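Colleague: Letter by letter, the chains look like this.
There are 2 protein chains.
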Amino acid sequence: MKFPFTSEQLTKLHARIETPALIVWQPNLEKNIADMQALANRFDAALRPHTKTHKSPLFAQWQLNAGAKGITVAKLSEAEVMAAHGIDDIFIANQITQVQKLKRLRKLHERIHLTVGLDNPRQIDLLRPFFKDASTPLNVRIEIDSGLKRCGVTVGNDLVELAKAVARQPFLRLDGIFTHAGHVYAARSAAQVEAIGKQEGALMAGAKTLLQKNGLRIATVSVGSTPTVPFSVRNPAVNEVRPGNYVFYDAMQIALHAAAPEQVSLFVLSTVVAHPVAGRLVIDAGSKALHTDGAGVTGHFGLPVNIKGKVVRLSEEHGVLELPEESTLRLGDPVLLVPNHACAVANLFDVYYLINEALQIKTVPVEARGKSQ
Amino acid sequence: MKFPFTSEQLTKLHARIETPALIVWQPNLEKNIADMQALANRFDAALRPHTKTHKSPLFAQWQLNAGAKGITVAKLSEAEVMAAHGIDDIFIANQITQVQKLKRLRKLHERIHLTVGLDNPRQIDLLRPFFKDASTPLNVRIEIDSGLKRCGVTVGNDLVELAKAVARQPFLRLDGIFTHAGHVYAARSAAQVEAIGKQEGALMAGAKTLLQKNGLRIATVSVGSTPTVPFSVRNPAVNEVRPGNYVFYDAMQIALHAAAPEQVSLFVLSTVVAHPVAGRLVIDAGSKALHTDGAGVTGHFGLPVNIKGKVVRLSEEHGVLELPEESTLRLGDPVLLVPNHACAVANLFDVYYLINEALQIKTVPVEARGKSQ
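Protein sequences, first through last, are from chains A and B. Going by our numbering, the letters in the first sequence line up with residues -11 to 361, in that order. Going by our numbering, the letters in the second sequence line up with residues -11 to 361, in that order.
Since the hints were derived computationally from the structure, they do not count as laboratory data. Just to be clear, a hint being listed does not mean it is correct.
It does not matter which identical chain is meant; a pair holds if it fits inside one copy or across any two.
For lysine-lysine, the following DSSO-like pairs were computed, each having C-alpha atoms within a straight-line distance of at most 30 Å [as the list claims (entries may be wrong)]:
no., residue 1, residue 2
1, Lys186, Lys91
2, Lys186, Lys137
3, Lys201, Lys298
4, Lys57, Lys350
5, Lys298, Lys137
6, Lys298, Lys95
7, Lys152, Lys0
8, Lys137, Lys57
9, Lys350, Lys186
Keep in mind the model is a prediction, meaning the values are calculated, not measured.
Produce the entire structure from the sequences given, and follow the hints as far as they go.
Modeller: Printed below as a string of structure tokens:
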């Protein structure tokens, strides 16, 4: 794969950054942000990037500066971090059901333009005591299951009844519908990815039509996932997309043909700590740096960039590389890797090392790391 | 499985703790610490617990108070955190090879009784410029591969030559040998676990004999891993054990028959966020709270305690539970789980909620979380 740094540049960076470390190659990050915005613009859809991937208010601001309409988060505490940095249009694409969180949700609602997910009439009862006296109603989007079989209602009578129930509440405002076609990560070919993306768009278009026939106004039809967006966004009913991973891409996206290796902007920088036998190198990045997530999709635990071979095993603090041929790398040398799942990996680190074309290094905190509550 | 809290107690805790959260049941934690110390004492071995599991100076201090001789860490930055809290006998059971880290290693060596791992003669050359003028030599233990096929030398001529090379350096002090029989996590029966533990002890005894025959003094013969310690410690040559996981235990240890469910002290507390169809509940703990590590051993992603069923899938922020029968749990209710791999999970959170028998809650920071450098 094409390599963002020359071997000498990598050695220089490695002398300045302790490993394991998260490296962001800024030229690719900026291009990824611009490209996804251009795609959304071409199809007249709003881009509301999912910031669970990078968990960084700075990178979120870059996405907004490029034209994003607002942001998406997975958790209330992520929303609080982003709001504290001045971001004022946030969709929590998740159900909030714990009582203490509903108090915090109300507080955040007083400050910013907040929207939350909902997929069950009982959630209305949970929200009522906390929002019934709010001066403006809480924006709500109904989650639809487009095949992931996680949260969400199926398109049919349950959806209509739930939407009607939401529309009846003076303390809620029915903004629209959303889905996440996360089952795309089980796809095994580019054609399957395309088919799932098209189905996602068509299903949501059908849901909108059904709700409108029942007298419900649906302003927003929102779809997500980096692999499906290029296909779902083509459906004229879709007017918002929520990809997250595209800022970085990773080995899973490469395996799904959703990104070329040349587009990746996130890397884990590691150091060779052992070379016990020929053909095996051990690096200082294990499951606490590369995460085990995604190996089922890629068949490995990380894609080395500056050396041929693959990470065949992770223990907590060690990655074991098998090499097809003996390497010239020695103890103390750098190994740069594309991780399997950028979102899970970013959550393991406290800072990014952002590298620009002049090879200047800037540390950027992963401010919302661990904000899972 | 036996459940540390009644249903009413769990509801009360859940009203005070936002989820997902790490819960430590203090009575079990204390008993686990005492039981492992008693095992080590019975066989005249020093206990040097691996603190990568809990990453907490407080819990490390409890282990020392119970009789541990010192502690083990995986990373230099973990050692720095522990030393900053007054712990002064630390073994870094890992190879340190990056130049910047060697500078930090030297600084730490000035302050505490520090020991590091080594498995390659080239590492001596890396250490030399940083330690050649130290007032006391750096303690070194040679890592032996007892079957994990990660780091370490095999018992034979390479080991003898490496030990001789270490012994020749005035800036190093050869303290002994160590191994980690991590391949035990691939065992599929209690008998296999016992066999691997016995092999671990016997291999290390043989290594000690070989080195002594070659005129080398071996003070410490150190073995690790929670499942193998009860068997490896019986070998008279073994005089130090380094288990880590035993403070908490987890679903992997249960699957390996290394712990009974009643011994577990670490839980993930979560909340039901969706109940989209009969037989499926969705909780707010996903791969960013439960980690995907260990599913290959257990066949699931977390063991629910207060409900029958299993976590069949994780996405980043969601756990999907399949239930054998319909549950009475509703949106907003708590689900308490035993995670697959306690060490990986503790590293995802910033605090423990430590619960004592009076159900008082104390927050304990995971001080060394993310200290992977």
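Colleague: Each hint: holds or not?
Modeller: Each hint, compared with the structure:
no.: 1; hint: Lys186 with Lys91; verdict: neither (39 Å within a copy, 55 Å between copies)
no.: 2; hint: Lys186 with Lys137; verdict: within (18 Å within a copy, 46 Å between copies)
no.: 3; hint: Lys201 with Lys298; verdict: neither (54 Å within a copy, 40 Å between copies)
no.: 4; hint: Lys57 with Lys350; verdict: within (27 Å within a copy, 42 Å between copies)
no.: 5; hint: Lys298 with Lys137; verdict: between (33 Å within a copy, 16 Å between copies)
no.: 6; hint: Lys298 with Lys95; verdict: neither (48 Å within a copy, 35 Å between copies)
no.: 7; hint: Lys152 with Lys0; verdict: neither (61 Å within a copy, 34 Å between copies)
no.: 8; hint: Lys137 with Lys57; verdict: within (28 Å within a copy, 51 Å between copies)
no.: 9; hint: Lys350 with Lys186; verdict: neither (40 Å within a copy, 50 Å between copies)
The structure fails to meet hints 1, 3, 6, 7 and 9 from the earlier list, while all remaining hints are met.
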